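2 protein chains.
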Amino acid sequence: MSEKNIQLALFGFGCVGQGLYDVLHHSEVLQADIAKICVKDPSKKRSVDDALITFDKNTILDRKDIDVVVEMINDTDEAFNIVSRALKNKTNVVSASKKMLATYFEPLFLLQEEHGVALIYEGSAGGSIPIIRTLEEYYDNELLSSLRGILNGTTNYILSRMELEHKEYNEVLADAQREGFAEIDPWLDVSGADTLYKVCLLAVHAFGVILKPEEVLHLGIQQVSFNDIRYAREKNLRIKLIASAAKTENGYRVFVMPRFVRADDELYKVMYEYNGIEVEGAFSCKQTFTGKGAGSHPTGSAVLSDISALTYQYRYGYKKLKKLKKQLGDAYSTTPLLETDFAIRVYVRYENQDQLSLLDIRHVVEEYRSPSMNFIIADVGFQSLYVLKDNAQNTLFVCAID
Amino acid sequence: MSEKNIQLALFGFGCVGQGLYDVLHHSEVLQADIAKICVKDPSKKRSVDDALITFDKNTILDRKDIDVVVEMINDTDEAFNIVSRALKNKTNVVSASKKMLATYFEPLFLLQEEHGVALIYEGSAGGSIPIIRTLEEYYDNELLSSLRGILNGTTNYILSRMELEHKEYNEVLADAQREGFAEIDPWLDVSGADTLYKVCLLAVHAFGVILKPEEVLHLGIQQVSFNDIRYAREKNLRIKLIASAAKTENGYRVFVMPRFVRADDELYKVMYEYNGIEVEGAFSCKQTFTGKGAGSHPTGSAVLSDISALTYQYRYGYKKLKKLKKQLGDAYSTTPLLETDFAIRVYVRYENQDQLSLLDIRHVVEEYRSPSMNFIIADVGFQSLYVLKDNAQNTLFVCAID
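Protein chains in written order, with the numbering used here: chain P, 385 to 786; chain F, 385 to 786.
Worth flagging that the hints you see were computed from the coordinates, not collected in a lab.
It is possible that part of the hints are untrue.
Copies of one chain are not kept apart here, so a pair can be met inside one copy or by any two copies together.
[Claimed, not checked] Below, computed lysine to any residue pairings styled on SDA-like, alpha-carbon distance capped at 25 Å:
#1 Lys653 x Glu618
#2 Lys670 x Gln402
#3 Lys653 x Glu549
#4 Lys428 x Ile568
#5 Lys709 x Leu414
#6 Lys773 x Glu552
#7 Lys703 x Thr718
#8 Lys619 x Ala647
#9 Lys424 x Asn442
#10 Lys710 x Val501
#11 Lys670 x Arg646
#12 Lys773 x Thr632
#13 Lys709 x Gln415
#14 Lys707 x Gln391
Given the structure is predicted, the values throughout are model-derived calculations rather than measurements.
All chains, please: the whole structure from these sequences, using the hints.
Written out as structure tokens, the structure reads:
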């Protein structure tokens, strides 16, 4: 590390950017200055010196004195443009944009390799939990078998409050929006899409597989009702939105969906806006990591930690990805790594029997009908669940069960 | 990393060594060979090729083709000799000997600096939880305020079984010894000394302070009785052996003692041989890490991960230690970093009132006497607890309480 303070260019100054700004001003060790902050909306009032602000990305991206570009904007394509331009300029980048990273993973990986430059993104998944660095560095030689996690604070907050306050989804969602725990448009969180981008990133560092986010199943919690939560309580279970990634003989089973979690499961205890991740290896058994999953300061801390890592030339090694690419050769891009041909046991709450015809039901284990609710527990073909993905008309609540 | 497999010399082939051997033979990524294993006892039958075994450390330590010395022996001074000789030869070292590391921390740190060589030791604390690497790399710029942990699997196993099976300490200890969860001489674990060495190492990476293990208070669980556990149950508490390290205005409060832990505490849920560590920072709030704390394979995995890290030139940066040394200058070695002048609230179960005169009792909050047990809850001067440390005559059970 040189004696000179490192110079940061920030793109975006929303929740994470503001958090980083605060955390940076309290850091005792890291010698870093914010050289410039690039934002979009000139009309917005900001709590920093006007001289720091710019609306023109070009004035920053072409500066030679910027050591690190910190990208924290919401626009996926614009974020990709900024990040790829910085990488081509051989400027190291820290990003917290999970959707952009998951969507453009392959080109971003290649740009890093081609230009010998680092793109790191601990703030993009797991909030304050250092999961990417841990998967990358610590488990690199572990025969990791699976990873399961609660990766979205908003949905966990909603599910926790529904259970503990005996309330319906819409009521708690409205509360969460008022309190700033949910966005005005909550789709990204409640649909499981946010979780999906995160698990795609984790799958790269856990198993070396780059998945196309649009091919990965995500079911959300929009259809959950207090009836489902009550059913879970009766069985001493809890409903959690779970991201799973597991290696099998035939590939990688990666998906996001609600799941009934047992009381002896470490993820059962993860409540409110907390995130939790369980990693299972052949030799290290299960490790669990929990921590705040959302919020400006926890995510700001994760971004700061990345900036600090760059000061000692840290880069992801992508050892597992490189090994798999080497093994498969040209076939890497054509080999179907995602496994979807298997049966999964699910709880399905429905209104009309007709709705069930959507699903490839192979074996019904339990069946319940009453004037207030109907459900089945059945083994269904996993592929048939894709019809529910992003389906606004869907009123089925589907939840994995052991 | 060169194309050649890295060559390892193992010192010690007990539980951890055997675990490493197994894990290494299942690793898919790491290209490493065991060149030689140095052991002490020629009469012991071992499950590896005789040609790998040597009884003479010199034949290994002088070899130029050894890339990494892996030190896993029990003899503290011998371990220090081996490690310091390897460091002087500019050979990187992985160690799992917490007592040796904590006892000789300062000279080992200086040897690394002087010879530009790495000594890493994730396997020495937290079992399979990657806590040292996480403190070192991830929280380096965090204003860490405190760290609390269950760092010893054996004591946690004993306390868990006492509670769940309503048994007395001696009965569970005997079971644990039979099952291999406790040593024949259990002192190191049950006295809290093992935990003490671990927390001393964590304090270096969390706060940059090198403490003398002999100056740090450790109280153990040898005096716990089922009466104490029942008292805890009635209050919805659990007794855990807790290592604490916290930064205050006056220094660092670091100690090991039993503590009543509340049901909403993350460490409450850590049972049996599991370890759990909670890290609290100014901005990232609380993170908790849990995982298996003992056992041949989990620790072997931690050691393997260190070996792997050395293949990409990983070293601890000791940023916080270096910063503190720079701040304090020559005064670093004379400044009392350990804070002991404070009052702490404790539960003290005693037999005779006389015994209480050992302690500097400042304020009694509760008092209970009956034919079967007597206890007080009181604020006591922390320094007075040192009289109980390693005191074989002691029959008081002292447990911190909020």
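Task: Hints the structure fails to honour - done: none
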